[in-house]
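Protein chains: 2
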Amino acid sequence: MIIGDMKQKMELARKKVLNAIEEHQGTTLLATGVTGDDARLALAAVQAGARMVEPNHPALALARGYKGVTSMHAAEELRHEITMEQMAEATRGVRNVVGKDIYITVGAPGTFAEVMPTPLTEEGVVLLAKAGADGLHTHKATLEDLKDVVDIAHRNGLLVDAYIAHPADRHLFGIPCATPIEVGDTAKRMQDIGVDFVGLMTGMSYEGVKAGEIADPVKERIEALVKSVTVPTLAEGGINLDNFKAFMGTGVKIIVVGTAIDDVARKAVDQVIKTLLQH
Amino acid sequence: MIIGDMKQKMELARKKVLNAIEEHQGTTLLATGVTGDDARLALAAVQAGARMVEPNHPALALARGYKGVTSMHAAEELRHEITMEQMAEATRGVRNVVGKDIYITVGAPGTFAEVMPTPLTEEGVVLLAKAGADGLHTHKATLEDLKDVVDIAHRNGLLVDAYIAHPADRHLFGIPCATPIEVGDTAKRMQDIGVDFVGLMTGMSYEGVKAGEIADPVKERIEALVKSVTVPTLAEGGINLDNFKAFMGTGVKIIVVGTAIDDVARKAVDQVIKTLLQH
Chain S
8 MIIGDMKQKM ELARKKVLNA IEEHQGTTLL ATGVTGDDAR LALAAVQAGA
58 RMVEPNHPAL ALARGYKGVT SMHAAEELRH EITMEQMAEA TRGVRNVVGK
108 DIYITVGAPG TFAEVMPTPL TEEGVVLLAK AGADGLHTHK ATLEDLKDVV
158 DIAHRNGLLV DAYIAHPADR HLFGIPCATP IEVGDTAKRM QDIGVDFVGL
208 MTGMSYEGVK AGEIADPVKE RIEALVKSVT VPTLAEGGIN LDNFKAFMGT
258 GVKIIVVGTA IDDVARKAVD QVIKTLLQH
Chain A
8 MIIGDMKQKM ELARKKVLNA IEEHQGTTLL ATGVTGDDAR LALAAVQAGA
58 RMVEPNHPAL ALARGYKGVT SMHAAEELRH EITMEQMAEA TRGVRNVVGK
108 DIYITVGAPG TFAEVMPTPL TEEGVVLLAK AGADGLHTHK ATLEDLKDVV
158 DIAHRNGLLV DAYIAHPADR HLFGIPCATP IEVGDTAKRM QDIGVDFVGL
208 MTGMSYEGVK AGEIADPVKE RIEALVKSVT VPTLAEGGIN LDNFKAFMGT
258 GVKIIVVGTA IDDVARKAVD QVIKTLLQH
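Taken in order, these protein sequences are the chains called S and A.
Mapping the first sequence onto the numbering used here, position 213 (from 1) lands on 220, and the numbers just tick up by one.
Mapping the second sequence onto the numbering used here, position 4 (from 1) lands on 11, and the numbers just tick up by one.
One chain only, chain S, in its complex shape (with noise of 0.2 Å):
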């Protein structure tokens, strides 16, 4: 019965991304950390032009101290126990200030690879979609699974995005692929499979590259990634004030960056407390 309704749900959502990477000259911004989960923060993201966010539930844990986890890693190791409520309601009010038109892609508990048993429900996605998800931000490190959300983000009204990792990364944030010719053809099957933008993760095992460059084992995976798919693509993972640029030039379409955000927002918050405390 709803059937269409959710098909022109996505195809609302699909051209806010098409949008914003257009007016961003073929490479857009997800933002996410600070950005993608507290409305304060999400607002200003916006207000300089920023069209794409991403609460996330490891980004939740940290944003509210959960168990006292104040580092990315640590975060990763129980971001299931975050609830889907507070995952809706860190998005509804993201929704409330940054209105209609610009595109939030939500993780959430079930999204990713999860390391216990964390199915994600009808009813957590229709949450999510009744609090203003466009689409799930998703890190299933299988095709079986990414299938089984794909469908009930579908049947929901909301567009996937999903990456392909290194099987040597720390966290697996998606689907093993060792070579550029495994990328191009997991990027293939994951089109195939429904998913509406299809992400690299990069930097996590690929240390000691310079500042501002990619390292060439990266710039040939996202090469394979880009020729492989007609969807648009993403880059997420180590991506910084240094080496944003170096990837406009890959046809990547969209970057990620949470981390080098929350970094900056950290050290606004050092310079104006030690500059209140000097006196």
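Treat each hint with caution, since some may be false.
Because identical chains cannot be distinguished in the list, a pair is counted as satisfied if it fits within a single copy or across any two copies.
Stated by the list, open to error - The calculated DSS-like cross-link candidates involving lysine-lysine, where the alpha carbons are at most 25 Å apart (straight line), are:
1. K23 - K74
2. K252 - K281
3. K107 - K74
4. K252 - K274
5. K16 - K107
6. K74 - K137
7. K137 - K226
8. K234 - K252
9. K74 - K16
10. K281 - K22
11. K137 - K23
12. K274 - K107
13. K234 - K154
14. K226 - K107
15. K107 - K281
16. K281 - K23
17. K281 - K154
18. K195 - K22
19. K22 - K154
20. K74 - K234
21. K16 - K154
Treat the hints as calculated values from the structure; they're not laboratory data.
Knowing the structure of chain S, use the given hints to seat chain A on it.
Structure of chain A alone, referenced to chain S:
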């Protein structure tokens, strides 16, 4: 059965404040806004030297995008709709990451002069205390209501910071006093009914003063406050990076800064997003 315990809890809390004042050469900072309720930024504030932080319900309305509010003025209109559970969650998260030696005072529905019947309940105060609060940040507009808040707070081991306002203020954030003499008299009465830290609202009604200075009428009110009580004093309202130094010589022990910190965080986000989008 817990009177002695709660006295001990209050002594420990008072010691945190006195230590902060001593550490910061006589005038310390109470950091609020984004540093009061977002565990990531509260931690940044504490790592930069802040020893007192304040989650409060209007700021949480902004953080959560509650009903779409984006200004402090709008947030004040519906702050009473934020729940005690939300305040406890924010308090617990901040406590989890900042550790036990930081003083946390919490503004919550019922601790301010609310626009709707919003009694502060024993249950609510216990919830905040268990979440990690050391004190209640209050803005009651009458001594009568303030006395009730002090009693319920002290019964449960929480200290109270309370404020003197100006009758012309846009929002009444304390007991209104038109003249310095009234300020002094009221401050004494507040101390007599058990208020642990007496503050003065500064800035809300005194536009037009030069950057970096305090208006003379405010200076006179601060002087009246400082010489009238023996408990530590606070100044709140309109304190920013331009004028905070002017408060140093006044004898005020604690300056409360929120909006100025939020502005800096927002500006940092604005700049990083613009940089990421300018390619």
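Checklist entry - When no copy is specified for K252 and K274, does a C-alpha distance of 25 Å or less occur within a copy, between copies, both, or neither? => result Close inside one copy (22 Å) and across copies (22 Å); limit 25 Å.
Checklist entry - When no copy is specified for K74 and K16, does a C-alpha distance of 25 Å or less occur within a copy, between copies, both, or neither? => result Classified as between: cross-chain Cα gap 23 Å, same-chain 37 Å, threshold 25 Å.
Item to check | Copy assignment of K137 with K226, given that the CA separation must stay at most 25 Å | outcome: neither (38 Å within a copy, 51 Å between copies)
Checklist entry - How would you label the pair K195, K22 (within, between, both, or neither) given a Cα cut-off of 25 Å? => result within (22 Å within a copy, 63 Å between copies)
Checklist entry - Quick one: K22 to K154, C-alpha cut-off 25 Å, is that within a copy, between copies, both, or neither? => result within (23 Å within a copy, 57 Å between copies)
Item to check | K137 and K23: within-copy, between-copy, both or neither at 25 Å Cα | outcome: Intra 18 Å, inter 44 Å, cutoff 25 Å: intra-copy only.
Checklist entry - Is it within, between, both, or neither for K74 and K234, if the alpha carbons may be no more than 25 Å apart? => result Answer is neither: 43 Å inside a copy and 43 Å across each miss the 25 Å cutoff.
Checklist entry - Between K281 and K22, at a C-alpha cutoff of 25 Å, which is it: within one copy, between copies, both, or neither? => result between (44 Å within a copy, 22 Å between copies)
Next on the checklist: Checking an output row: K281 and K23, CA cutoff 25 Å. Within, between, both or neither?
Outcome noted: Between copies only: 19 Å across, 40 Å inside.
Checklist entry - Quick one: K74 to K137, C-alpha cut-off 25 Å, is that within a copy, between copies, both, or neither? => result Between copies, since 14 Å is at most 25 Å while 28 Å is not.
Next on the checklist: When Cα atoms must be at most 25 Å apart, do K252 and K281 count as within-copy, between-copy, both, or neither?
Outcome noted: For K252 and K281, the Cα distance is within 25 Å only across copies (13 Å; inside one copy 31 Å).
Checklist entry - Quick one: K281 to K154, C-alpha cut-off 25 Å, is that within a copy, between copies, both, or neither? => result neither (50 Å within a copy, 36 Å between copies)
Of the numbered hints listed earlier, those contradicted by the structure are 7, 14, 17 and 20.
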